[in-house]
Amino acid sequence: GDSVTQMEGPVTLSEEAFLTINCTYTATGYPSLFWYVQYPGEGLQLLLKATKADDKGSNKGFEATYRKETTSFHLEKGSVQVSDSAVYFCALSDRRSQGNLIFGKGTKLSVKP
Amino acid sequence: KAGVTQTPRYLIKTRGQQVTLSCSPISGHRSVSWYQQTPGQGLQFLFEYFSETQRNKGNFPGRFSGRQFSNSRSEMNVSTLELGDSALYLCASSELQGRRNTEAFFGQGTRLTVV
Numbered sequence: 001g002d003s004v005t006q007m008e009g010p011v012t013l014s015e016e017a018f019l020t021i022n023c024t025y026t027a028t029g030y031p032s033l034f035w036y037v038q039y040p041g042e043g044l045q046l047l048l049k050a051t052k053a054d055d056k057g058s059n060k061g062f063e064a065t066y067r068k069e070t071t072s073f074h075l076e077k078g079s080v081q082v083s084d085s086a087v088y089f090c091a092l093s094d095r096r097s098q099g100n101l102i103f104g105k106g107t108k109l110s111v112k113p
Numbered sequence: 001k002a003g004v005t006q007t008p009r010y011l012i013k014t015r016g017q018q019v020t021l022s023c024s025p026i027s028g029h030r031s032v033s034w035y036q037q038t039p040g041q042g043l044q045f046l047f048e049y050f051s052e053t054q055r056n057k058g059n060f061p062g063r064f065s066g067r068q069f070s071n072s073r074s075e076m077n078v079s080t081l082e083l084g085d086s087a088l089y090l091c092a093s094s095e096l097q098g099r100r101n102t103e104a105f106f107g108q109g110t111r112l113t114v115v
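Just so you know, the protein sequences line up as chains A and B, in that order.
Those letters in the first sequence? Residues 1 to 113, per this note's numbering, in order.
Those letters in the second sequence? Residues 1 to 115, per this note's numbering, in order.
Bear in mind the hints are in silico, worked out from the structure with no lab data behind them.
Fair warning: there could be bad hints in the mix.
To be verified - Once the Cα atoms are required to be at most 35 Å apart in a straight line, the calculated DSBU-like pairs of lysine-lysine come out as:
no., chain 1, residue 1, chain 2, residue 2
1, A, Lys-60, A, Lys-105
2, A, Lys-105, B, Lys-57
3, B, Lys-57, A, Lys-108
4, A, Lys-108, A, Lys-52
5, B, Lys-57, A, Lys-52
6, A, Lys-56, B, Lys-57
7, B, Lys-13, A, Lys-105
8, A, Lys-77, A, Lys-105
9, A, Lys-77, A, Lys-56
10, A, Lys-108, B, Lys-13
11, B, Lys-57, A, Lys-60
12, B, Lys-13, A, Lys-68
Stated by the list, open to error - Where chain B lies over chain A, by a calculated footprint (3+ residues, C-beta under 8 Å):
no., segment
13, 15 to 26
14, 52 to 64
To be verified - What follows is a list of derived Cβ distance ranges for each label pair:
no., chain 1, residue 1, chain 2, residue 2, range
15, A, Lys-68, B, Thr-7, 23 to 31 Å
16, B, Arg-73, A, Asp-55, 31 to 39 Å
17, B, Gly-28, A, Thr-26, 27 to 35 Å
18, B, Thr-113, A, Gln-81, 15 to 23 Å
For every residue, glycine included, the Cβ atom is placed at its ideal position computed from N, Cα and C.
Starting from the given sequences, assemble the full structure and let the hints guide the process.
Shown next, in the form of structure tokens:
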């Protein structure tokens, strides 16, 4: 079945460092790909998305490119801030899964001043 | 536009009891999905409702059930609670474009503790 694998955390960075969180997927169809962020005590917020190959999603300085050839959707940010400290989830959905989002395990990011 | 609203935010229940959680989706969204989040298992899909019909179901026992009303509000029920049911329960709403769901918007969740 479909699955998402993302790098294990936690990840600790200094403010203004470069961030990469790796995400790869397995899917039989042509899924849509998402990054969600969860702040402590909160639900999930959609960070960015891409619906087809070579699409780049971007939001709040974060970017991810849908790479079908490597089945990847890595999250990047050039300069992280303390306020980016949160748990990041990579997810996919496809027409077969309908309303079912398939999530990775999540990567906890801590940014130190 | 109001977001997804889940009530209550926190619940403490005793083993063997049952519980009902509520979710009001974003206005105009007809699809509501439920997820269980635990430290060990991560985010797991429970079920999805669209236009009052269950369209999809995850791999959970029959103690977990749900329904959706004509105004798209949804409830999920857990009967005969077990300690392992302690989790954050998240509701997400979305719309359909063709046969594919649009991006899901999540509520803040209901934190259920079973003692």
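Do the hints match the structure? See the list:
For the suggested pair Lys-60 of chain A and Lys-105 of chain A, the alpha carbons sit about 23 Å apart, so the restraint of at most 35 Å is met. Between Lys-105 of chain A and Lys-57 of chain B the CA atoms are separated by roughly 20 Å; this keeps the pair inside 35 Å, and the hint holds. At roughly 28 Å between alpha-carbon atoms, Lys-57 of chain B and Lys-108 of chain A fall within 35 Å of each other, so this suggested pair holds. With a CA separation close to 27 Å, the supplied pair Lys-108 of chain A and Lys-52 of chain A stays within the 35 Å bound.
Proximity of Lys-57 of chain B to Lys-52 of chain A is assessed by CA-CA distance (about 26 Å); at most 35 Å being required, the pair is judged to hold. With a CA separation close to 31 Å, the supplied pair Lys-56 of chain A and Lys-57 of chain B stays within the 35 Å bound. With a C-alpha separation of about 27 Å, the suggested pairing of Lys-13 of chain B with Lys-105 of chain A holds against the 35 Å cut-off. For the hint pairing Lys-77 of chain A with Lys-105 of chain A, the CA-to-CA distance comes to about 20 Å; that is within 35 Å, so the pair holds.
This hinted pair checks out: Lys-77 of chain A and Lys-56 of chain A have alpha carbons roughly 13 Å apart, not beyond 35 Å. Between Lys-108 of chain A and Lys-13 of chain B the alpha-carbon distance is near 29 Å, which keeps this suggested pair within the 35 Å criterion. Taking the CA atoms of Lys-57 of chain B and Lys-60 of chain A, the gap is about 34 Å. The hint holds against a cut of 35 Å. For the suggested pair Lys-13 of chain B and Lys-68 of chain A, the alpha carbons sit about 46 Å apart, so the restraint of at most 35 Å is broken.
Under the rule that three or more residues need a Cβ within less than 8 Å of chain B, the assignment of the segment 15 to 26 of chain A is violated, with 0 such residues. Given as covered by chain B, the segment 52 to 64 of chain A fails the check, having 0 residues with a CB less than 8 Å from a CB of that chain where 3 are the minimum. Distance hint for Lys-68 of chain A and Thr-7 of chain B: a CB-CB separation of about 41 Å, inconsistent with the stated range 23 to 31 Å. Checked against the hint of 31 to 39 Å, the pair Arg-73 of chain B and Asp-55 of chain A passes, with Cβ atoms roughly 33 Å apart.
Look at Gly-28 of chain B against Thr-26 of chain A: about 33 Å separates their beta carbons, and that is inside 27 to 35 Å. Under the hint 15 to 23 Å, the C-beta atoms of Thr-113 of chain B and Gln-81 of chain A, about 33 Å apart, miss the expected range.
When each numbered hint is compared with the structure, violations occur for hints 12, 13, 14, 15 and 18.
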